[in-house]
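> Got chain L; can you put chain V on it based on the hints?
In the order they appear, the protein sequences are chains L and V.
Residues in the first sequence are numbered consecutively from 1, following our numbering.
Residues in the second sequence are numbered consecutively from 454, following our numbering.
In case anyone wonders, no lab produced these hints; they're calculated from the structure.
Just so it is clear, the structure is predicted and the values come from calculations on it, not from any experiment.
Wrong hints could be hidden among the right ones.
Per the computed footprint, the stretches of chain V lying under chain L, defined by three or more beta-carbons under 8 Å from a beta-carbon of chain L, are [said to hold, decoys possible]:
hint, stretch
1, 597–604
2, 713–723
3, 726–734
4, 741–755
5, 820–830
6, 849–855
Beta carbons are placed, not taken as given, at the ideal position from N, Cα and C, and that holds for glycine.
2 protein chains.
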Amino acid sequence: METIETDVAVIGAGLAGLSAARALEAEGVDVSVIEARDRVGGRTVNEPIGVGKVLDLGGQWVGPGQDRILELIPELGLETYSTFGEGLNLIERKGKVSKYSGTIPKVNPVALAEVGLALKRIERLAAKVDPERPWESELAHFDRMTFDTWMRRHVRTAVARDLLRLAIEAVWAAEPEDISMLHMLFYVRSAGSLDLLLDTEGGAQDSRVLGGTQLISKRLAEGLARPVCLESPVRRILWSGDRVMVLADGLRVAADEVVVTLPPVLAGRISYEPALPAIRDGLTQRMIQGSVIKTMSIYPTPFWREQGFSGQSTSADGPVSVTFDNSPPDGSPGVLLAFFEGKAARDAGELPGSVRQQLVADCLTRLFGEEAANPDRYLEKVWADDEWARGCYGGYFPPGAWTSHGRALRESIGPIHWAGAETASEWAGYMEGAIQSGRRAAAEILAPGGAPV
Amino acid sequence: METIETDVAVIGAGLAGLSAARALEAEGVDVSVIEARDRVGGRTVNEPIGVGKVLDLGGQWVGPGQDRILELIPELGLETYSTFGEGLNLIERKGKVSKYSGTIPKVNPVALAEVGLALKRIERLAAKVDPERPWESELAHFDRMTFDTWMRRHVRTAVARDLLRLAIEAVWAAEPEDISMLHMLFYVRSAGSLDLLLDTEGGAQDSRVLGGTQLISKRLAEGLARPVCLESPVRRILWSGDRVMVLADGLRVAADEVVVTLPPVLAGRISYEPALPAIRDGLTQRMIQGSVIKTMSIYPTPFWREQGFSGQSTSADGPVSVTFDNSPPDGSPGVLLAFFEGKAARDAGELPGSVRQQLVADCLTRLFGEEAANPDRYLEKVWADDEWARGCYGGYFPPGAWTSHGRALRESIGPIHWAGAETASEWAGYMEGAIQSGRRAAAEILAPGGAPV
Numbered sequence: 001m002e003t004i005e006t007d008v009a010v011i012g013a014g015l016a017g018l019s020a021a022r023a024l025e026a027e028g029v030d031v032s033v034i035e036a037r038d039r040v041g042g043r044t045v046n047e048p049i050g051v052g053k054v055l056d057l058g059g060q061w062v063g064p065g066q067d068r069i070l071e072l073i074p075e076l077g078l079e080t081y082s083t084f085g086e087g088l089n090l091i092e093r094k095g096k097v098s099k100y101s102g103t104i105p106k107v108n109p110v111a112l113a114e115v116g117l118a119l120k121r122i123e124r125l126a127a128k129v130d131p132e133r134p135w136e137s138e139l140a141h142f143d144r145m146t147f148d149t150w151m152r153r154h155v156r157t158a159v160a161r162d163l164l165r166l167a168i169e170a171v172w173a174a175e176p177e178d179i180s181m182l183h184m185l186f187y188v189r190s191a192g193s194l195d196l197l198l199d200t201e202g203g204a205q206d207s208r209v210l211g212g213t214q215l216i217s218k219r220l221a222e223g224l225a226r227p228v229c230l231e232s233p234v235r236r237i238l239w240s241g242d243r244v245m246v247l248a249d250g251l252r253v254a255a256d257e258v259v260v261t262l263p264p265v266l267a268g269r270i271s272y273e274p275a276l277p278a279i280r281d282g283l284t285q286r287m288i289q290g291s292v293i294k295t296m297s298i299y300p301t302p303f304w305r306e307q308g309f310s311g312q313s314t315s316a317d318g319p320v321s322v323t324f325d326n327s328p329p330d331g332s333p334g335v336l337l338a339f340f341e342g343k344a345a346r347d348a349g350e351l352p353g354s355v356r357q358q359l360v361a362d363c364l365t366r367l368f369g370e371e372a373a374n375p376d377r378y379l380e381k382v383w384a385d386d387e388w389a390r391g392c393y394g395g396y397f398p399p400g401a402w403t404s405h406g407r408a409l410r411e412s413i414g415p416i417h418w419a420g421a422e423t424a425s426e427w428a429g430y431m432e433g434a435i436q437s438g439r440r441a442a443a444e445i446l447a448p449g450g451a452p453v
Numbered sequence: 454m455e456t457i458e459t460d461v462a463v464i465g466a467g468l469a470g471l472s473a474a475r476a477l478e479a480e481g482v483d484v485s486v487i488e489a490r491d492r493v494g495g496r497t498v499n500e501p502i503g504v505g506k507v508l509d510l511g512g513q514w515v516g517p518g519q520d521r522i523l524e525l526i527p528e529l530g531l532e533t534y535s536t537f538g539e540g541l542n543l544i545e546r547k548g549k550v551s552k553y554s555g556t557i558p559k560v561n562p563v564a565l566a567e568v569g570l571a572l573k574r575i576e577r578l579a580a581k582v583d584p585e586r587p588w589e590s591e592l593a594h595f596d597r598m599t600f601d602t603w604m605r606r607h608v609r610t611a612v613a614r615d616l617l618r619l620a621i622e623a624v625w626a627a628e629p630e631d632i633s634m635l636h637m638l639f640y641v642r643s644a645g646s647l648d649l650l651l652d653t654e655g656g657a658q659d660s661r662v663l664g665g666t667q668l669i670s671k672r673l674a675e676g677l678a679r680p681v682c683l684e685s686p687v688r689r690i691l692w693s694g695d696r697v698m699v700l701a702d703g704l705r706v707a708a709d710e711v712v713v714t715l716p717p718v719l720a721g722r723i724s725y726e727p728a729l730p731a732i733r734d735g736l737t738q739r740m741i742q743g744s745v746i747k748t749m750s751i752y753p754t755p756f757w758r759e760q761g762f763s764g765q766s767t768s769a770d771g772p773v774s775v776t777f778d779n780s781p782p783d784g785s786p787g788v789l790l791a792f793f794e795g796k797a798a799r800d801a802g803e804l805p806g807s808v809r810q811q812l813v814a815d816c817l818t819r820l821f822g823e824e825a826a827n828p829d830r831y832l833e834k835v836w837a838d839d840e841w842a843r844g845c846y847g848g849y850f851p852p853g854a855w856t857s858h859g860r861a862l863r864e865s866i867g868p869i870h871w872a873g874a875e876t877a878s879e880w881a882g883y884m885e886g887a888i889q890s891g892r893r894a895a896a897e898i899l900a901p902g903g904a905p906v
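Here chain L stands alone, though its shape is the one from the complex (with noise of 0.2 Å):
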């Protein structure tokens, strides 16, 4: 077994990680970064589909007010494109395509108007949220009740309601009743806005990476002083008030400090010893993976584009809630990404691959008609079945959890710091919030008690 003394061990080498890792680095500080798989990215992976060209299986868009990775990417000598968004939006309900422009679909006025009104009144109590602590916001309370519960209080139209259901979907990859109202509340003012969350141009599916976002945690890997300590599950944490001892499977690592960036229930998998204070174990209790399938589905071109269709398109029907056009910026092969969010997503995810691959053509035939019945190549991520993510795009909490066990979420004990984009008080959840994490973390043990970056 492999033994290695450094000052401070990061687990995990996603963008927190890295990121982390990175500006210790840049203060002098000797940094090891520790990876169960044996690949950097974490929930960013790059899947090459010949010619040089790659598609993401996972995390993909950057937008607006993610100002952190925006301007790491052209550091890092990467360049993003638009989303393709040209023409004509569909969506699904009772067995009927409706095409529309823009973001708002043409559902009946009644319907759309109340949509409107829970939006704006969702952005209005969110404006009202401290994102680094929302229990103690004057909305806590809205931790006593599912999305659902305040959807069906405020929301009467059946149409307003599955509208809002995939809006919930898409950003969470779970249910309205899944989710605590105030923990909704949190994310959206962690972005800034729902309509930025939710909106494709100039919100957070605006722009992707060119080469795919993997090459981002590839770069700051390369960038490090040590390589990345790859295949190497972290299985213990020893720890006592100014050292720690990470035990994974054929290393260990010695160290003052250790930053660990793992979704808190994955970092709960971790044995401690001595064990952990009851509220960190707690909150590891209470944090749950989103559900998420990506698949794209590839074709000699993106014919629907001639048909004046954009690619993007919403169903209420499912099992697909979403997809847009994902070919490579030369529109060169076509792409269309669908999604199976939340119960669907559990759902598909019991299946065989075949079958949903078969879904998912189904799905597109009837939202861009038969050409897309047989596409030449079918991709498929079910994050869910991913050991070292076990659900995706990322956590979310129940009623209760924020208000009784929010504080450990970012709270270092001891020699441990917390990390990952479950952790970020901006950009929650995403790329850019992964990196706020931690940098976060670093900031800490650069400046114990400082300001957080």
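This is chain V only, laid out in the frame that chain L set:
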């Protein structure tokens, strides 16, 4: 490292694991029980207080309807005795302590009527839930809301809500906002009725076990062919279709099948190779262990009895929410049991033990007078701090979990079977439920596909 070859490995030497082992051995199956702690009994544990007397720091009560444990106790040569309940009970709210007899506290009649109506509604709803498959019930939509949401809809007076909150805390060691309404209904149904759960005489708090409930596990363990392997926390389970290798600290057990009796969150912290299906992993992300601190204050005599008090009280002011006379059957010494539950337990769990002790003394003094201020001895067990329990009394589901992942609570996976009080369909969360679950898991192994016991 010792290696054991056996037919069935059982993880956890609490009532579930030992009941499974006993049922299997009775049919000639070779069993090895593996336990993380240095003792058997799980969430039951005896604390000797001298002259052969003991107090229970964990589960302690049995009552009518719990047929398996009531039959098992005499079978093991043990006896029960009635919980002390003679005299007046007390209720404290807004600084005022009132006496009452029976189970109905003296509060204003409107509030009492509201509570009565709410309890009746709960009983009526619970009767419609199939405890084997609550997610298939016609009431599955109650999984969309917290109990708090339901309560606020049906109960208007603050007094009535306080009383219902106390009931939730007493049964689930959680707050109304933590629990799915469907989980509440499932749990009530699994015990038979809410009255049974709440009552002392004739209910779930009816009787105690002479010598302490841990004796049940000790006797069960003594009756097994192989000694329980203590101090052997299980870290990994390697499995295939028909074989398992259980890796514990200092021990390997090779077997044909394994019964995992840990609460789901702790079962989720074992590393399974191959990794378990997403639905099972997701289940372990969703069940939360309750928060309770059990304290006992020991006095020379049960002085409250002489003043006409039963020792039973409930306080809406807290932080102690419930007390009982927990003296040994001969009334010597006098023991007042006081629980911190739910939020109060989480808050008090963060305090130094001495501060907590003072909080208990203050509460008991308000209720039972100055004589309660200075006990001879104070005992406590902070269950959330216990690494192998991480909460008590048992696990509960927040909204959205039963309907999305409930099926994975009991469904075996290859050679891996699930037991433990959390998996019971009768008296879920109770010692009776633990026994039921262990026997059910044994039956699965003995007669695959057969009817549950």
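> Confirm or reject each hint.
Structure-based check of each hint:
Closer than 8 Å: that is the beta-carbon criterion, and the stretch 597–604 of chain V has 5 residues meeting it against chain L, so the requirement of 3 holds. Residues of the stretch 713–723 of chain V with a Cβ under 8 Å from some Cβ of chain L number 3, which satisfies the need for three, so the listed coverage holds. Note: the stretch 726–734 of chain V has 5 residues with beta-carbon separation from chain L under 8 Å; the three-residue rule is met and the coverage holds. Counting residues of the stretch 741–755 of chain V whose C-beta lies closer than 8 Å to any C-beta of chain L gives 3; at least three are required, and the coverage claim holds.
Beta-carbon proximity to chain L at under 8 Å applies to 0 residues in the stretch 820–830 of chain V; the threshold of 3 is not reached and the given coverage is violated. Only residues whose C-beta sits within less than 8 Å of a C-beta in chain L count toward coverage, and the stretch 849–855 of chain V has 4 of them, enough to reach three; the restraint holds.
Checked against the numbered hints listed earlier, the structure breaks hint 5 alone; every other hint is satisfied.
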